[in-house]
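Participant: Protein chains in written order, with the numbering used here: chain V, 4 to 166; chain L, 91 to 884; chain X, 548 to 835.
Incorrect hints may appear among the rest.
What the hints assert, rightly or not - To spell it out: a stretch of chain V is covered by chain X in this simulated footprint if at least three of its residues, at any positions, have a beta carbon under 8 Å from a beta carbon of chain X; those stretches are:
#	segment
1	6-14
2	17-29
3	45-57
4	61-71
What the hints assert, rightly or not - Just a sample of chain X residues kept apart from chain V, beta carbon distances all over 10 Å, derived:
#	residue
5	Asp562
6	Asn589
7	Pro651
Just so you know, the hints here were simulated from the structure itself, not pulled from any lab data.
Every residue, glycine too, gets a C-beta built ideally from N, C-alpha and C.
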Amino acid sequence: MTETLHETRLVVNGVPRTVRVPARRLLADCLRVDLGLTGTHLGCEHGVCGACTVLVDGQPMRSCLMFAVSADGAEITTTEGCRAPDGGLGPVQQAFQECHGLQCGFCTPGFITTITAYLRDNPAPSEAEAREAIGGNLCRCTGYQNIVKSVLRAAEIQGEVVP
Amino acid sequence: MFGEPIARREDPRLVSGAGRYLDDLGPSALAAAFVRCPHAHARVTDIDVTDALDVDGLVAIYTYDDLADDTATRVAEPLPLLIPHPALTQPRTAYALVKDVAKHVGEPIVMVVATDRYVAEDICDRIRVSYEFLPPVVGVAAAREARHAVHADVPDNVAAHLLQEVGDARAAIAAAPHTLELDLEIERSASMPMEGKGVYARWDAADASLRVYSSTQTSTSVRFALAAKLNIPVDRVEVIAPDVGGGFGVKIVHPWPEEVLVPWAAIRLDREVKWSEDRREHFVSSAHERGQQQKIRVGFDDDGRIQGLDVEFWHDNGAYTPYGIIIPIITSTQLLGPYKPGAYRVEFRSLYTNTVMVTPYRGAGRPQGVYAMERTMDAIAARLRLDRAEVRERNFIQPHEMPYDHQLTFQDGRPLIYDSGDFPASLEKLKKLVDWDGFAAYRDAARAEGRRVGIGLACYVEGTGVGPYEGAHIRVESSGKVVVSTGLTTQGQGHETVFAQIAADELGVPVEDISVTTGDTRRFKYAVGTFASRAAVMSGNAVALTARKVRAKALRIAAEALEADPGDLEITDGVVRVKGHPPGASGGEIPLRTVAVLSNPLRYAFDEESKRATQFAVGSSDKPPVDEDDEPGLEATDYYSPMQATFANGMHAAIVETDPETAEIKILRYCVVHDCGPMINPRIVEGQVHGGVAQGIGGALYERIVYDENGQLLNASYMDFLIPYASEVPVIETDHLETPTPLNPLGIKGAGEAGVIPGSALLASAIEDAEGITITRMPMSPSDLFHLRQGATE
Amino acid sequence: MKPPVFEYHRPETVDEALSVLAEAGTDGKVLAGGQSLVPVLNMRLAAPRHLVDINRLADLAYVRSGPDGVRIGALARHAEVERDGPAHAAVPLLRQALENVAHPTIRNRGTTVGSIVHADPSGEAPAVLTLLGGSMKLARAGSTRTVPAAEFFVAPLESALRPGELAVEAYFPRPPDRSGTAWREVSRRHGDYALCGVGVLVTLDDDLRVAAARAAFISVGPTPVLVDLTDAVAGQQYDAVDWSAAATLARDRIEPEDDIHATASYRAHLAGVLLGRAGAEAAGRAAA
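With these hints in hand, go ahead and build the complete structure from the sequences.
Facilitator: The structure is reproduced here in C-alpha cells:
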C-alpha cells in the first residue's frame with residue numbers, strides 16, 4: 004500500500020531541484036524535509052498564521068495550503084533565499100535585526116518573504132501601508148511594533164542600495 | 091554594555107532561516123502521533139488496532155498496557171505533582187497514556203510510531219477505541235454545583251481550598267462608611283506560542299545514554315524527570331532546549347506525556363523518534379489559563395481609601411493539577427497591586443473540570459488578580475464620583491513605606507514584601523503620557539463629532555525573580571573567546587545577548603567575543619527554568635557573580651605574571667593592563683587569552699597561544715603548579731539565590747473608541763509606564779512589553795477558549811481562537827521608571843510578563859468609561875457589548 | 548494535521564479534466580486555489596479519493612471584461628480579479644468585495660470561481676454573484692450548462708455543482724447605467740470571516756432619485772440572502788435616503804444564527820446598520 008511518488012521539479016532559491024514526493028506532501032514539508040530548507044515553519048497548518056509563507060513565482064502563498072506537486076515548475080523563494088548574494092543578511096533580514104523585529108523567530112520566515120515581495124512592488128510604504136502589508140501574519144512575541152519598523156527600515160536599506 | 095540597546099547576537103541565524111527549532115532536528119527520526127480522546131469524560135473500554143496493522147510504514151503502537159508491562163521503568167505511574175502545597179488536598183495528575191478514564195478531550199490514549207507523520211496519522215485514523223461515556227463537568231458553575239465529579243474520589247470537585255488573611259477584613263468592611271460588592275468573571279485563554287511542543291529523542295545503546303531535545307522552558311528539570319521515570323542514571327541523560335518558538339508559560343510544565351513516551355519509545359525501538367505537536371493537538375492537550383469567577387466585597391471611606399477587602403474566587407484548574415495551585419496563589423497575593431487595603435481576606439477554591447488543565451500563561455494568575463482589584467478601584471471611584479487615578483493614588487503604598495510587608499506568603503513560599511517602587515511617580519508619568527487630565531476636553535470634541543471614546547487605567551505590581559536559584563559557568567578560552575553557560579532556557583527573550591552584555595561589562599571583554607548557551611544540560615546542569623519573569627534577575631546575577639570570580643582569578647594570575655598588585659590592574663577590550671599603562675606598550679599588559687593559558691599549567695603547548703605564554707613566568711618551585719584551593723582553567727561557576735522576589739510594577743492607560751451602532755471596539759492609544767529597575771538592554775525589555783501588551787489586548791477583546799456543555803472545545807483552531815493580527819494592535823507608547831532593587835547585585839527586576847498583566851482590567855475600565863455601563867465580565871466582543879447596551883436600556 | 552491519502556490527477560487540458568472528473572464521480576474533488584479545501588484535508592474533515600488539480604489549465608486563467616460584464620475563468624486568482632482594471636471599471640463591486648477576502652497572501656492563490664463553488668455562507672464572491680444576478684458555467688464531459696446565481700447556492704457549503712462537473716466560468720453582469728455599489732462587512736479581526744456583510748446595488752433615475760435598490764447579505768443565512776429593497780427606498784433623493792425601512796425589510800428576510808463569535812440578534816442588528824452605510828455609499832457612487 005505504498006503511495007505513488009510524483010517527480011516534481013522546483014526551482015528553489017534559484018537552484019533547480021527535483022524531488023519525488025507523494026501527492027499529499029505539503030509544499031512546506033517538501034521544502035523542510037525533502038529539501039532540508041528548514042527556515043520555513045509550520046505554525047498552524049490551516050493557513051492562518053502565515054509562518055509557512057513562501058514566494059511562488061514571486062507571489063506570497065501559504066506553503067501549508069499547497070501540495071508540492073501543484074507547484075511543479077514553479078520558482079519558490081524561501082526565507083533562506085532572501086539572503087544577500089554573498090550569503091549575508093538580505094535587506095529585509097538586516098532590517099529585522101536592526102529594529103528588533105523578532106524575538107523567538109518562529110513566525111519570522113513568513114514575514115521576511117511577505118515583506119520582500121511587498122517592497123518589490125511598493126518600495127516606499129507609509130507606516131499605515133507597512134502595517135497593512137504585514138496584516139496577514141501572526142506574531143505572538145513582538146506585538147508587531149518593531150515589525151512595522153522593520154518594513155520601513157528595509158525600504159530605506161533597499162533605497163540606499165545602488166542597483 | 092549594561093543599558094545598551096545593542097542588536098541581538100542570535101538574530102543573524104534566526105532571520106536567515108538558520109534557526110534550529112525542534113522540528114528542524116532529526117530529519118531521519120521516526121515520527122510519533124497519538125490517538126487522542128474525542129470525549130470530555132469517558133472510560134476506554136476497548137482499543138482495536140486490527141485495521142492499523144497492515145499500514146506501510148507502521149513501526150509500533152503503544153497503549154497504557156505496554157507502559158504497565160514495562161516494570162523496569164516508572165512510565166506507568168502518574169506524571170509528577172511538580173508543586174505540592176498543604177492546601178492542595180486533592181491533587182491529581184494524568185498518566186502518560188490514559189489508563190482507564192480520560193478526563194478531557196485530547197488526552198492521549200494510543201501512541202503510534204511510524205516512518206513519517208503523514209503515515210502515523212493514517213495509522214491513528216484506523217485505530218478504533220470504544221468508550222463508555224461519563225457525565226462531563228464543564229465550567230466553574232458546574233464544578234461548584236458538583237452534580238457530577240471529574241475524579242470519582244473528589245465528589246465536590248475541589249482540588250484545593252486556601253484562605254489567607256491579614257487583619258479582620260469582614261469587620262473592617264462592616265464598619266466602613268461605604269461598601270460595594272462586585273461579581274466578576276474572566277474567561278479562559280491560552281499561551282499559544284507559534285511553535286507547539288516537540289520532543290526528539292536519541293538513544294545510544296552502546297553507551298546506554300539518552301539525549302532528548304525538547305521545546306521546553308526547563309531542560310534541567312525535564313532531565314531529572316526523565317531519569318526518574320525511565321530509571322536511567324541522571325548522568326546518562328542530557329536534555330537540550332534548541333531554538334524555541336515561544337513558550338509564554340505553557341512549556342514550563344513537565345514532563346508532558348510525550349516527553350516521557352518519545353524517549354521511552356526511542357529506547358525500546360533503538361531508533362530516533364520525534365514528535366512535533368500540531369496546532370490542534372496544542373489546543374486540546376497542552377494547557378490553558380485565566381478562567382475565574384470572583385466575588386469582591388470592599389469597605390472604604392469618603393476619600394476612597396480601602397479599609398477592608400474581602401475576596402472570594404473560584405479557579406477552574408481543568409482536569410489535572412501538575413503545577414499545583416501556583417496560579418490562584420499568585421492571584422491571591424498579586425491582587426493587592428500597589429495598594430495597602432487595610433485588612434485583607436482572600437479565599438479561593440480551585441476546581442476540577444473536564445477540560446484541558448490550567449497551568450501558567452504569562453501573568454500566571456496576576457491578570458485575574460489585577461482585574462479584581464482594578465475593577466474594584468473603578469467601582470469605588472464611580473460610587474464616590476472621584477477621579478479614578480485619584481482614588482488609586484490615595485491607596486498607594488508610598489515610596490517611604492518601602493520595603494512594605496503585606497504579611498502574606500507569596501508563590502515562592504516567602505513573605506510578600508515589596509522591596510522598592512515609586513508608585514506615585516509611575517502614575518504621574520502615565521498621566522502625562524496619555525494626557526489623563528486633558529481627556530475630558532478630548533471626549534467633548536469627539537462627542538461633538540458623534541464619536542464615543544473612553545479612557546481607562548490599570549496598575550499592577552509583579553513579583554519577579556523568584557528563586558530558588560540560577561547558576562552560570564564562564565570560561566575564558568586560549569583563543570580569548572569567553573564561553574558563558576546558564577541552565578535556564580530561552581524562548582525569544584534575547585538571552586544570548588543580554589547575558590553577554592553583563593559578562594562583557596564584568597570581564598572587560600568585547601561583547602562580540604562572548605558566546606552564551608542556555609538550556610543545555612551538557613553545558614550546565616543545575617537550574618530551575620525560565621518563567622515568572624525571573625531569567626534576567628536570576629541568570630543575569632549569576633552571570634555577573636560568576637564573571638566577577640573569573641575576573642578575580644584573571645587578575646590574580648595576571649598580577650603574578652606582570653609582577654604587579656591585582657588592585658593596580660584593569661581589564662579592557664580583553665587585555666589585562668596596569669592602570670595608566672599605555673595600551674600596546676610592552677611590559678604592563680597581558681591579554682586575557684594568555685592568562686587563560688597560564689591558568690592551565692600544561693606540559694604541552696598545543697597552540698600558538700600556549701607557546702606565547704611561555705614568555706610569562708608564573709608559579710614558583712615552592713608551591714605545586716595547581717594550588718590546593720585552586721583549579722586549572724580561567725573559569726568559574728557561581729549561583730545566585732535570592733532571599734525573596736523583587737517587585738516590579740507598571741501602569742497602563744488606554745483610550746478606546748466604540749462604534750455607537752456596530753459596537754466595534756477600537757483602541758486609539760495604548761500607553762505603558764513600567765518599572766523593572768535598570769534595564770540590561772532597553773530594546774529587549776521594550777520588546778517584551780510590546781508582546782505582553784498584544785497578548786493583553788488579545789485576552790481582553792479577542793481570545794477566549796470556548797467549551798460547550800459536553801466539554802467539546804469549540805474553537806480548537808486559529809480560525810476561531812482569535813490571536814490579534816497587526817491590525818488589532820495599536821501603536822504602543824512606552825515610558826519607564828527605573829527604581830533599582832537593593833535585593834540583588836545588579837539591582838534589576840524582571841519584565842517578561844509586564845505587558846500582559848493589566849490588559850483585561852484596563853480595557854474593561856476604558857470601555858466602561860466610553861459606554862457608562864458597568865463591566866463585570868471579560869473578554870468583550872462587539873456582540874457582547876451590543877447585548878450589554880441592550881441590557882442597560884431595558 | 549497532515550492530509551490523508553488521495554489519488555492525484557493533474558490534467559493538462561479541460562477535456563482531460565472533465566474526463567477524469569466523470570470517472571471519479573462522487574469520489575472526485577477539484578483542487579484549484581486550495582485555500583478552502585486544503586485546510587479541510589489537513590484537519591482530516593474530509594478525505595476525497597480523487598483530487599483533480601486544475602492548476603495546469605491555463606485556458607481557464609482569464610478575467611474578461613466587456614460591455615455585458617465580467618467573465619472570470621476557473622483559474623483566475625482573487626488577487627488577479629482584484630487588480631484587474633477593466634474588471635473594476637465594468638463591475639466595481641468585485642474589487643469592493645474581494646478586498647475583504649481573508650488576506651492578500653490567501654488571495655494570491657485562492658480563486659474566485661473556487662470560492663463561489665465552495666458556497667460558504669460567509670463568502671463574499673457568492674454574494675456578489677447573487678446580487679448582480681450572475682451565473683455559473685458548469686462543464687461536464689460532452690456538455691455545459693449555465694446555472695443562474697439564484698439557483699446555484701443550495702445550502703451551507705453546498706452548491707448546485709454535480710459530481711463530474713467542473714465550474715469553468717463565473718459571469719458577473721454589468722450593473723445598469725447610473726448605478727453604484729458598495730460592500731460593508733464587520734469581522735472580528737481584519738480578514739476574518741464576516742459576522743455580517745452586505746453588498747448593495749443602487750440604481751438612480753435621471754433626477755438622481757432611487758429607481759431600484761437591492762442587497763445581498765452574508766453570514767446571516769445558509770446562502771447569500773438577496774433582498775429587493777426598491778419598495779422601501781424608491782423615489783428618495785440619492786443623498787437623503789432613509790434606509791431604516793429597508794433595514795426592517797432585510798431583517799425580516801435574513802436568518803442569522805448564534806455562534807461563539809456573535810449572537811443572531813447582534814448579526815441582525817449589524818445587517819441593518821451595514822445596509823444603511825453601504826446603501827448611502829452606493830447611492831453616492833451612483834450619482835457620481
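Participant: Could you check that no beta carbon of chain V comes within 10 Å of the beta carbon of X:Asp562?
Facilitator: holds (20 Å)
Participant: With 10 Å as the threshold, tell me whether X:Asn589 passes as away from chain V on beta-carbon distances.
Facilitator: Nearest chain V Cβ is 5 Å from X:Asn589, so the label is violated.
Participant: Okay, the segment 45-57 of chain V and chain X, do three or more residues pass the C-beta test at under 8 Å?
Facilitator: holds (count 5)
Participant: Checking C-beta pairs, does the segment 6-14 of chain V have three or more residues closer than 8 Å to chain X?
Facilitator: Holds, because 3 residues of the segment 6-14 of chain V bring their Cβ atoms closer than 8 Å to Cβ atoms of chain X.
Participant: Against chain V, does X:Pro651 keep a CB gap of more than 10 Å to every residue?
Facilitator: Label violated. Min Cβ-Cβ 6 Å, cutoff 10 Å.
Participant: Check whether three or more residues of the segment 17-29 of chain V sit with their beta carbon closer than 8 Å to a beta carbon of chain X.
Facilitator: holds (count 4)
Participant: For the segment 61-71 of chain V, do three or more residues have a beta carbon lying closer than 8 Å to a beta carbon of chain X?
Facilitator: The restraint on the segment 61-71 of chain V holds, since 8 of its residues have a Cβ under 8 Å from chain X and three suffice.
Checked against the numbered hints given earlier, this structure breaks hints 6 and 7; the rest are met.
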